[in-house]
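Trainee: Each chain, letter by letter, is given below.
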Amino acid sequence: MLSRDEKEGTRAARGRLRIFFGAAPGVGKTDAMLAEAQRLRQSGCDVVVGIVETHGRSDTMRLAEGLDVLPRTRVEYEGRIRDEFDIDRALARRPTVLLVDEFAHANAVGSRHRKRWQDVAELLDAGIDVYTTLDVQHLDSVNGIVAGITGVKLRETLPDRLFDESDEVVLVDRTPDDLLQRFKEGKVCFPEQSQSAVEKFFRKGNLLALRELALRRTADRADTQLRTYRIEHVAGAPAPKTRDARADAAAPRTSHGHAPRGGPDIRGYAGAIALCMVATVGAFPLHGFFALSNIVMLFLLAVVGVAVLFGRGPAVLAAFANVLAFDFFFVPPRFTLAIADAQDLFTFVVMLIVGLVVGQLTARLRYQARVASLGEERARRLFAMARDLSAALAREQVTEVGERNVIAMMPGDAHVLTLAADETLRVPGTDDNRADADMAIARWVVDHSEPAGAGTDTLPAAGRLYLPLKAPVRTRGVLVVAPTDPDTLMVPEQRRLLDTCAALIAIAIERVHFVTVAQDTLVEMESERLRNSVLSALSHDLRTPLTSLVGLADRLSHELASDPAGPQAAAIRDQARRTAELVDQLLEMAQLETRRTELRKDWQSIEELAGAALAELDAQLGGRDIDIALDPELPLVQCDGVLVTRVLVNLLGNAAKYTPPRSEIRIAAQLANGVVEIAVEDRGPGLPYGKERSIFDKFIRGRQESAIPGVGLGLAICRAIVAAHGGSIHAENRDGGGARFVFTLPAQSPPPPVEPENATDDVTSARDR
Amino acid sequence: MSPAPQVIIVEDDAQIRRFVRASLEAESYRVAEAETRRRGAIEAGTRKPDLVIVDLGLPDGSGIDVIRDVRAWSNVPILVLSARVDERDKIDALDAGADDYLTKPFGTGELLARVRAMLRRSARAPDGSIGVVAFGGVRVDLAARTVVRNDSRVHVTPVEFRLLAHLVSHPGQVLTHRQLLREIWGPSHADDSHYLRIYMGRLRQKLEREPARPRHFITETGVGYRFVPD
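Read top to bottom, the protein sequences are chains S and B. For reference, each letter of the first sequence is one residue, going 1 to 769 in this note's numbering. For reference, each letter of the second sequence is one residue, going 770 to 999 in this note's numbering.
Since the hints were made in silico from the structure, they are not lab data. Where is the CB? At the ideal position from N, CA and C, for every residue including glycine. Hints are not guaranteed to be accurate.
Unchecked claim - Among the chain S residues that face chain B by a calculated CB cut under 7 angstroms, a handful are:
no. : residue
1   : 41
2   : 544
3   : 548
4   : 550
5   : 607
6   : 751
Kindly produce the complete structure, drawing on both the sequences and the hints.
Mentor: Pasting the structure below:
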């Protein structure tokens, strides 16, 4: 407790530090600071400009007009003269508030302190309030990030502690588009950087990132004093307009400032008095004809009337005013407040009580009627919105309907931003991330699924309300609401109404999203089906004639066995077979490419697949020696047996085709680093230098003018199959001549164990049981 | 002397029918042709065939339907003609009751070899009466449940023996994975194909000269296994 008191004590004695904080040079921090200073000056405060860099901008100079400016001191160092802030003069002058621009500035060598923030600290210690400016990039913790993003490294940095401990941070915000516009107009000054670096810095992406950093950094400060100066952007706004906007921004917008709602209430009380007067005047002619007790009724009627028309407060006033008027004008002795008969006192009390009670009841009734009709109106609007949303078929429609309905419920501006497929926030139907909706805050809202902006705990000064569009599955976007009257956002019913709207829009977006997904899937299935039917029709139509061609030619070659034409028939048969093989390969390739790797995976033994491949190639391999070197500990592998056999057949077939007869072919397989590695090696001429990779491409052959038949699809098919299994394939030349093709298949965890046999090893004993 | 065997070809392509017929008639088989599924069923019902050859792609229905039709009342051997890439169809055909398949395109030699083997098998006495099967230096005595290789006793487990016995009693015939798994391990294991891989591997280790290049226990990749006696 004591320490806190102490701290508060030192705080009180110390000057207060207010930082005008921005995302980048040119957002208008100095202008905002000067505008605030002008305001203080007008309210009679002693404000002095310690140092302000106008960079020759006329707007800024104009804002500084009329302010007391301290002369600068000249510091000479190595023959160069620099104008610097004169701290001694400032301490001597002792203004209430001192403006010191560019908090992170490094003083010229020879000054009292190396850094300007040290000057500021001294001023604060002397009890002077200091206003200063700071860009987010100058913060130590952020500097590295900014350098990474923008490529611009800054020398002048500031310890974060100073930012966090400052008494007040005013975020000066300007949309990136607006800032870029200003930059193009030459209104932005960026000291100590080359032109090219500055050009690099002022890119929209960079500015967006910086803005987000600035917002986050500000939001991180647990600071109730946070205020935002927002500079509204008007696309392509001419210069004067910007100035207007600045003037507007210069008047700080207090987010909690309820303007005294004097108007209607005062009118109510005036009305109450007027009605009382009417009742009094109206009662005069009746006096003499009516008993006093009946004249009272007229006054009671007036109270009821006031309650109905103006509500509770005026009704109370009317009740008292009527009692006084009745007493004064009608109760004898007339035209005095005195009363002759004690009975009249009773009348007054009853009259007052009745007046008050009736007034209260009537006023409450009136209020409830209003609430009910408002509630009904809300329900009707929500219903209309739900109905419109349910009819929407596209995301753009949902957005449009949502925005229109929200605006109808709360006059002003509303935007729906949705998450695009690449997770960026977009206005549907455009690739523009609408400039006037604040993307950085919107992004935060989506990431945290929590509302932000006006009326919430996060960045309450933001002027707009950002509501997450929370759908059952996930957050799908942001509803940005900027009502004409920001105070409406503070009303709980309105907030609840907006929350409901956001939920309705979210559900509609999600519905549309899933409809789209379903449609896409349907289209995909349909085209897949079409592709398959075309493929199978093609394969049938090509294979059938080839089958008869092979068969008939074969038959013919048998019948003409002793005829000179016999070998020709055999040649026809062989060519037809080769063509059929080619058709198979083409279809296989087409299927592999289109069928999106629909593998029939199964536990396979490599030994068995190798055996099957060798059996298929029996004729081609002739009497060759095949060296089979399979690791006996090789596990079963999850793969498509048919396709992996095809890989082996192609590799072994190549080995047989391209190597001299009787040269050795070797198949080896081993488990290494979680993959099964299968190699086919030969002792042929090897691969042409430099073609180790390209031979796996379609229609590429090792040697173009080869007499060996083939079109070069085999290895492309191998590569496609291996890739579909998540493996890799490569080729290399062997030491000592020959080629080696190696492919890998991922080795999975072993298959479920085989049920143990409940008999002993010997079959004979099983029979004995 | 018994009459020449009767073969029925159910095939929609005239040219294929033509050369199959020519090849078979050259070996003095009697041949009947059918172009459609309906016609095939009628021919099969009226001619008492010794062998039916079925193409899987027929205009009025799949060849598999023909197989089912025929299997409903007959054990006649059925040979299926199909393309290389259609493993699924082959398995379905075999599961439906076909005995063997021939991949298109095929030559006369392959066709006749297949036909002869199938006719020989069906001419043999029904299953069970084969007491002893001998191949490649191995003798399997089905009654005594013993396996002898190169004159020395080979130890096999009961499950290995059941698998071996089932394979050798269907020589030359393709048995699909599913058929084998059901037969040996029961219907609940119909999808545990790794059982087969492991047990086939063990049988080959024990009985094949070169397990990686088997001569008798042949892999029909993607389809099943075939036992070839010699």
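Trainee: Work down the list of hints and note, for each, if the structure agrees.
Mentor: Structure-based check of all given hints:
1. 41: violated (88 angstroms)
2. 544: holds (5 angstroms)
3. 548: Result: holds, 3 angstroms to nearest chain B Cβ.
4. 550: holds (4 angstroms)
5. 607: With Cβ-Cβ at 5 angstroms, under 7 angstroms, it holds.
6. 751: holds (4 angstroms)
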